[in-house]
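Letter by letter, the chains look like this.
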Amino acid sequence: MLIFEQGREGRWARAQGPQQREELTDLPEQFRRRERAALPEVSELQVVRHYTRLSQTNFAIDTNFYPLGSCTMKYNPRACNSLAMQPAFLGRHPYAPDQFGQGVLRCLWELQEILADVTGMSEVSLAPMAGAQGEFSGVAMIRAYHQARGDHERTEIIVPDAAHGTNPATAVMCGFNVREIPTGPEGNVDMDSLKEALGPQTAGIMLTNPSTAGVFERHIREIADMVHEAGGLLYYDGANLNAILGKARPGDMGFDVIHMNLHKTFSTPHGGGGPGAGAIGVGERLKEHRPIPCVGRQGDQFRWLAEADIPKSIGRLSAFGGNVGVLLRAYVYARMLGRNGMRRVAEHATLNANYMMRRLHEAGFQVAYPDRRASHEFIVSLKHEAKNYGCGAGDFAKRLLDYGVHAPTAYFPLLVPEAFLIEPTETETRAEVDGFIEAMIAIREEAKTDPEFVQGAPYTLPVRRLDDVKAARELDLRWDQSAA
Amino acid sequence: MSNIPAELKYTSSHEWIRAEEEGTVTVGITDHAQESLGDLVFVDPPAEGDSLDVGTACAVVESVKAASDIYAPISGEVVEVNERLEDEPELVNNDPYGDGWIMKVRLGADADLSGLHDADSYSDVLAEAD
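Residue numbers (the numbering used here), protein chains in the order written: chain A, 1 to 484; chain B, 1 to 130.
Treat the hints as calculated values from the structure; they're not laboratory data. Here the structure is a predicted model, which means the values were calculated and not measured. From the three backbone atoms N, C-alpha and C, an ideal C-beta is built for every residue, glycine too. Incorrect hints may appear among the rest.
Mimicking EDC-like on lysine to aspartate or glutamate, the simulated pairs with C-alpha atoms at most 20 Å apart in a straight line are [stated by the list, open to error]:
#, chain 1, residue 1, chain 2, residue 2
1, A, Lys470, B, Glu86
2, A, Lys470, B, Asp39
3, A, Lys383, B, Glu88
4, A, Lys383, B, Glu86
5, A, Lys387, B, Glu86
6, A, Lys383, B, Glu128
7, A, Lys470, B, Asp124
8, A, Lys470, B, Glu62
9, A, Lys387, B, Glu88
10, A, Lys195, A, Glu229
11, A, Lys383, B, Glu35
Each pair of labels, with its calculated beta carbon distance range [said to hold, decoys possible]:
#, chain 1, residue 1, chain 2, residue 2, range
12, B, Phe42, A, Lys387, 21 to 29 Å
13, A, Glu347, B, Gly55, 24 to 32 Å
14, B, Gly55, A, Leu415, 54 to 62 Å
15, A, Glu432, B, Val60, 36 to 44 Å
Chain B side only, calculated, beta carbon under 10 Å to chain A, not exhaustive [unchecked claim]:
#, residue
16, Lys65
17, Asp87
18, Pro89
19, Gly108
20, Ala127
21, Asp130
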């Protein structure tokens with residue numbers, strides 16, 4: 001039931017309202033509301049119950065194992081939240097002069113340094129407000145680079161089919177044509193296709209390494225040399241940075257620009273609309289184009305850098321300082337881990353993934369690249385289960401919910417049929433990942449003996465199986481007051 | 001086993017082509033394609049009058065699992081699109097070779113049907129991929 005539907009006219013939470021009525025004098029008449037806003041009219045207790053109930057029906061990392069591949073749903077330590085919410089951080093006004101905000105500016109500057117160091121890039125800008133904006137600014141810089149050199153014929157961005165799903169969309173949004181190249185049987189970029197695709201029209205290539213095939217791109221140095229030779233640049237999608245954190249650096253692999261999903265790798269709020277932060281790192285070729293605002297340091301003083309400091313910047317991506325509150329959480333996380341801790345993140349994330357992959361393989365599940373070591377995630381194909389028992393990835397996904405596990409990413413990447421992309425992350429115990437493996441085996445037994453039962457799952461959640469086809473065909477996203 | 005009518009031509013990317021009168025063809029996606037995609041929720045056809053180059057993406061079908069390009073099986077000009085699909089994308093699932101057709105194309109001068117699969121060789125394509 002929506003909160004609007006619980007209200008009654010004239011009811012309100014008096015204790016939460018203003019204590020006295022104030023006349024509005026400083027807002028010009030023409031900007032004032034003529035009618036009352038359509039707000040729910042409910043008591044304080046109704047609000048508390050409504051949102052508590054909603055939170056209880058949530059299937060979340062705070063309640064359940066959440067092995068969502070390509071999206072690193074790991075636990076965000078509470079300390080990141082509480083330290084970033086100290087009163088001095090929260091109380092800082094964005095218009096306050098830099099000299100009164102040296103503490104927060106120093107944190108942001110150090111975060112820039114830490115991220116540049118762990119990725120091997122020359123400079124980092126924290127300006128992008130989300131991963132998508134980070135991607136956009138990265139490709140916009142590639143565009144700016146070619147234009148600044150008068151190189152106007154470069155119209156194409158190469159995207160392997162194992163790249164992250166947003167990459168082609170970003171390239172198109174930045175005005176490029178997308179050229180897709182296939183993945184070879186081992187999960188690497190097909191080198192012959194790359195060779196054929198490269199030319200004077202190549203602006204760059206977008207890669208995720210490890211790719212969404214869940215394996216490390218073995219030819220990355222060779223790819224970087226070939227792309228640079230052709231005059232193009234390399235973009236690194238940071239979706240899978242968790243796998244190599246502290247172990248290998250995109251800058252050393254030859255990448256010119258990288259975006260980092262701080263919500264995936266650096267413990268900032270995930271899902272539900274963020275707020276996000278999609279920091280970008282740049283190499284020497286692109287650093288003069290990096291977006292603002294950034295933080296600069298002169299001696300022991302820190303200040304915001306603006307247009308005058310980086311005149312060839314692709315521009316200002318946010319008013320004030322980006323999502324500072326989110327960036328502070330990432331800063332606390334990075335400082336708590338330190339260099340060695342970051343390395344352990346990658347080691348445990350990949351150990352968990354390889355352990356799970358091996359055990360599922362031994363239990364008779366088909367893994368997509370059995371001869372390759374997994375990165376932090378791996379792909380199981382439920383093709384045989386779909387064919388033999390009529391229970392595919394979607395059915396296993398729904399039934400897993402009954403076993404207390406959020407479904408892995410299903411039907412992605414597209415190049416593997418009936419795919420499950422599974423990413424356990426470093427924050428799960430062995431008992432938890434064993435529970436997932438046992439659930440998969442149990443569900444397969446159920447599918448053998450009673451496929452209809454699996455096809456009807458879930459049974460134990462607040463809602464049963466939703467009609468996702470109807471939901472997509474008849475979108476209904478607005479609450480209609482007149483219908484209430 | 002998916003349905004592969006003997007009288008149609010096919011592509012490896014799972015489009016079917018039916019020769020009609022006066023140099024036009026009807027194009028749709030195969031039973032195997034609709035089955036792999038699952039329930040369609042949206043079909044984005046080309047515009048009437050669009051000219052098609054063989055092998056290039058010309059339409060999109062979207063299911064709850066995935067969005068997938070449809071590739072022009074021949075070159076030519078789009079003369080008609082199936083407007084019913086706008087409100088009833090499920091026609092592609094229910095009747096892929098009939099009411100679920102996607103577009104009609106007037107063959108271009110260089111259009112070549114001889115490179116397309118017949119029913120036998122398309123069923124080999126499916127068997128190989130399995």
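Against the structure, the hints:
1. Proximity of Lys470 of chain A to Glu86 of chain B is assessed by CA-CA distance (about 15 Å); at most 20 Å being required, the pair is judged to hold.
2. Proposed proximity of Lys470 of chain A and Asp39 of chain B is supported: the alpha carbons are some 10 Å apart, at most 20 Å.
3. For the proposed pair Lys383 of chain A and Glu88 of chain B, the alpha carbon gap of about 29 Å is over 20 Å, so the pair is violated.
4. A distance of roughly 31 Å separates the Cα atoms of Lys383 of chain A and Glu86 of chain B; the hinted pair therefore is violated under the 20 Å criterion.
5. With a C-alpha separation of about 31 Å, the suggested pairing of Lys387 of chain A with Glu86 of chain B is violated against the 20 Å cut-off.
6. Restraint check for Lys383 of chain A and Glu128 of chain B: satisfied, since their Cα atoms lie roughly 15 Å apart, inside the 20 Å limit.
7. Simply put, Lys470 of chain A and Asp124 of chain B have alpha-carbon atoms about 35 Å apart, too far for the 20 Å limit, and the pair is violated.
8. Of the supplied pair hints, the one linking Lys470 of chain A and Glu62 of chain B holds, its CA atoms being roughly 13 Å apart against a limit of 20 Å.
9. For the hint linking Lys387 of chain A to Glu88 of chain B, the alpha-carbon distance of about 28 Å lies beyond 20 Å, and the restraint is violated.
10. At most 20 Å may separate the alpha-carbon atoms for a hinted pair to count; Lys195 of chain A and Glu229 of chain A meet this at roughly 11 Å.
11. Distance check on the hinted pair: Lys383 of chain A and Glu35 of chain B sit about 13 Å apart at the alpha-carbon level, within 20 Å; holds.
12. The hint said 21 to 29 Å for the Cβ distance between Phe42 of chain B and Lys387 of chain A, and at roughly 27 Å that hint holds.
13. Judged by the Cβ atoms, the range 24 to 32 Å given for Glu347 of chain A and Gly55 of chain B is violated: they are separated by roughly 45 Å.
14. About 19 Å separates the C-beta atoms of Gly55 of chain B and Leu415 of chain A, a value inconsistent with the hinted range of 54 to 62 Å.
15. Here the CB-CB span from Glu432 of chain A to Val60 of chain B is close to 39 Å, well matched to the stated 36 to 44 Å.
16. Interface restraint check for Lys65 of chain B: the shortest CB-CB distance to chain A comes to about 4 Å, inside 10 Å, so the restraint holds.
17. With a cut of 10 Å, the hint placing Asp87 of chain B at the interface with chain A holds, because the nearest CB-to-CB distance is about 9 Å.
18. Interface hint status for Pro89 of chain B: upheld, as the beta-carbon distance to the closest one in chain A is roughly 7 Å, under 10 Å.
19. Annotation: Gly108 of chain B was flagged as interfacial toward chain A, and the flag is violated, the nearest CB pair being 23 Å apart, outside 10 Å.
20. At about 13 Å, the closest approach between the beta carbon of Ala127 of chain B and any beta carbon in chain A exceeds 10 Å, and the interface hint on this residue is violated.
21. At a threshold of 10 Å, the smallest CB-CB gap from Asp130 of chain B to chain A is about 9 Å, leaving the interface hint in force.
In terms of the numbered hints stated before, the structure departs from hints 3, 4, 5, 7, 9, 13, 14, 19, 20, listed from lowest to highest.
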